[in-house]
Amino acid sequence: ACTSDPESARKVVFGEGGVLAGISAGKKYVDMSTVDEECAIEIATAIKSKGGLFLEAPVSGSKAPAVNGQLVILAAGDESLRSDAQPCFDVMGKKTFFLGEVGAGARMKLVVNMVMAINIEALSEGLALGQKAGLKGSDIMAVLEEGALKSPLYSLKGPKMLEGDYAPNFPLKHQQKDIRLAVDLGQKVGQPLPV
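So in the working numbering the end of the sequence shown lands on 235, straight run, no missing numbers.
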């Protein structure tokens, strides 16, 4: 499954006629949902309790990378299942990271999405400030492209911001949910996240 939040991921597994109803010894379940660590562990525990194998494999990337097989797979859990699923991952993605125990994939996904959100916000504010201060947006982007801040994310989002193209590739409600989950993770592990 590949759902957008913990509630949906739980419904797919625990709901009437869900995955758990059909899982048994030797059967395998790969969950590519964006969830928190607790949800991933809860699902893994339930699958394993019935003899099944579990792998979490959330992805980093939006519409275009998905269409072009350029996602980054963040796998964790049963390593033999990761090996079995790798041919599928190779079609969907450009790179698979195996991160160890269940929960690590969820944690990595939240870190990646938090860093991305902060960078998009920084670019947006920088462009707004620069333009308000009389600089050309195209000049700002050209300077960013030549320095330490060169980034595929900035190259993709910057020109769209300058054109006023705010068509979503990732709905705001999902980004907000990911930031809430990242803040929750920070509180859980004792890491302040002031930005």
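Any given hint could turn out to be false.
[What the hints assert, rightly or not] DSS-like, lysine-lysine: derived pairs with alpha carbons at most 27 Å apart: (1) Lys172 x Lys103; (2) Lys197 x Lys228; (3) Lys135 x Lys67; (4) Lys134 x Lys190; (5) Lys190 x Lys67.
[Stated by the list, open to error] Cβ pair distances, simulated, as ranges: (6) Glu141 x Gly174: 30 to 40 Å; (7) Gly170 x Pro192: 40 to 50 Å; (8) Val107 x Gln215: 29 to 39 Å; (9) Val155 x Ser44: 16 to 26 Å.
Hints listed in this document are in silico derivations from the structure and should not be mistaken for laboratory results. Please read these numbers as outputs of a predicted model, since none were measured by experiment. Glycine is no exception: its CB is placed at the ideal position from the N, C-alpha and C atoms.
We went through each hint and held it up to the structure:
no., hint, in the structure
1, Lys172 x Lys103, "31 Å, violated"
2, Lys197 x Lys228, "32 Å, violated"
3, Lys135 x Lys67, "25 Å, holds"
4, Lys134 x Lys190, "21 Å, holds"
5, Lys190 x Lys67, "45 Å, violated"
6, Glu141 x Gly174: 30 to 40 Å, "52 Å, violated"
7, Gly170 x Pro192: 40 to 50 Å, "21 Å, violated"
8, Val107 x Gln215: 29 to 39 Å, "20 Å, violated"
9, Val155 x Ser44: 16 to 26 Å, "19 Å, holds"
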